[in-house]
Each structure stands twice: as structure tokens, then as C-alpha cells.
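Start counting the sequence shown at 1; every next residue gets the next number (the UniProt record's numbering).
A portion of the hints provided could be inaccurate.
As the list claims (entries may be wrong) - List of simulated lysine-lysine pairs, DSSO-like, C-alpha gap at most 30 Å:
1. K55 to K84
2. K84 to K71
3. K55 to K76
4. K14 to K30
5. K47 to K14
6. K104 to K132
7. K90 to K104
8. K84 to K30
9. K124 to K90
10. K90 to K30
11. K124 to K84
12. K47 to K30
13. K14 to K55
14. K104 to K84
15. K55 to K30
16. K71 to K55
17. K124 to K104
18. K71 to K14
Because the hints were derived from the structure by calculation, they are not lab data.
Model, not experiment: these values are computed from the prediction.
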Amino acid sequence: MAIEEASSLHRPIKIWTDSLLSFMAILNPKFHHWMVREIQTLLLSHKHIQLRWFKAHVGCFGNECADQSAKEAITKGYPFFLPKPISYLKYDMRPAALSIWQDKWDNGETGSRTHHIVPRVSNKTVGWNREKLMFVTGHRLFPSYLHRLNLRTHDNCSCGGKEIQCTMPQNVGLPSPGISKLLQCHLNYSG
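Can you make the complete structure from the sequences, with help from the hints?
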């Protein structure tokens, strides 16, 4: 970087650029890219370096030579380091994170009732309301849940009926195969 080279010299130096976008980013104190922040820090700590902008492609000999060198570097393929943006890294890491999450979900010691109904993890919501979530997870005032937490002495409903008949909301809104699967899972785990 020209600014790093100029920082070792202790005389006034002007660095010219034809990139208005880069120039404006460096002048903006709210710009958060790490490379821009690094340049801002160097410029603030070396007051003898000044950054200037001029219009591109107006016949300035030095600028035309720099543009020609840049074109040659692109066509000849000189290697250089270009960090990937955070959005690319997130995109690249998402499958690995989902795989780790799925493995923990498949082999976890808790959540087995929910695992039977929702076997695949996803970073998308399932679209269930509060009642559906409480029913699927069993984290509701089911007698079996309260009994498991030692908040009740038995897991029967107060009316004497079976828990699933008394506590299942009639408006869960799941398709009938989903409800029968929920009922079977609930009976398996609470009985």
C-alpha cells in the first residue's frame, strides 16, 4: 500500500487516486470496513501524508501508466490476496453450521419428543404459534409435564380423564396426519 510505504518517509507526501468511491470511503468516519479503517488510522497517525483525488481518464501520464499496469496484472494473472466479504463467509459456513447443529439434534439427550415431529434442523421458522409449540415440546401445563417437574403428585387430569383428551387444543391447526403423529408421540412419552 502506498500509504504504508509513505509512512516510513518523514517529508510531506501527496498520494493521488482516481477512485472517487475509495476516496469518499476513506473520508467517511462512519465507514466500517476493516481496510478503510486501517487506512484512516494510518492517515491520522502520519499527518505528513495527504490523500488527493483527481478525475480519471483525462490524459494524466502517471495515471494512464498505473491503469495500464493494472490491466497487465489482470491479464497476466499476478497472484494477490483479496479477502472475502463477510456475506460470502456466512454463505460458505452455513452448511457446516447446519450439519453440526443437525448432528447435535440427532444425538442430543433432550428434545426427543420434538425431534420425532421436526427431525430436520433449519434456520427458517416452522411457522407455529405459541400453542402449537407448547403442544409439540410438551412445555405446557400438561399434568405429565408438571408431574415431571415435581409440581404435581400424579399425571392424571383433574377431571379424571386422560391428559391428551383434556389438554389438546381443538384449534391446533395441524393437518390430521400431523395431529395423529403428535397424539401418538405424546401418548408414548407421557404414558
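We went through each hint and held it up to the structure:
At most 30 Å may separate the alpha-carbon atoms for a hinted pair to count; K55 and K84 meet this at roughly 29 Å. The straight-line distance between the Cα atoms of K84 and K71 is roughly 22 Å, inside the 30 Å bound, and the hint therefore holds. Of the supplied pair hints, the one linking K55 and K76 holds, its CA atoms being roughly 27 Å apart against a limit of 30 Å. Taken as a hint, the K14 and K30 pair is honoured in the structure, with Cα atoms around 24 Å apart against an allowance of 30 Å.
A hinted pair counts as satisfied when its Cα atoms are at most 30 Å apart, and K47 with K14 qualifies at roughly 11 Å. With a C-alpha separation of about 23 Å, the suggested pair K104 and K132 falls inside the 30 Å cut-off, and the hint holds. For the given pair, K90 sits about 20 Å from K104 by alpha-carbon distance, which is consistent with the 30 Å threshold. At most 30 Å may separate the alpha-carbon atoms for a hinted pair to count; K84 and K30 meet this at roughly 21 Å.
For a cut-off of 30 Å, the pair hint linking K124 to K90 stands: about 16 Å separates their Cα positions. Proposed proximity of K90 and K30 is supported: the alpha carbons are some 23 Å apart, at most 30 Å. This hinted pair checks out: K124 and K84 have alpha carbons roughly 25 Å apart, not beyond 30 Å. About 20 Å separates the Cα atoms of K47 and K30, which keeps this hinted pair within 30 Å; it holds.
For a cut-off of 30 Å, the pair hint linking K14 to K55 stands: about 16 Å separates their Cα positions. Of the pairs offered as hints, the one joining K104 and K84 holds, with about 29 Å between alpha carbons and a cut-off of 30 Å not exceeded. For the proposed pair K55 and K30, the alpha carbon gap of about 25 Å is at most 30 Å, so the pair holds. Only pairs whose Cα atoms come within 30 Å are accepted, and K71 paired with K55 is accepted, the gap being roughly 18 Å.
Restraint check for K124 and K104: the C-alpha separation of about 18 Å stays at or below 30 Å, so the hint holds. Our distance criterion of 30 Å between C-alpha atoms is met by K71 and K14, whose separation comes to about 24 Å.
Hint compliance for this structure: every hint is met.
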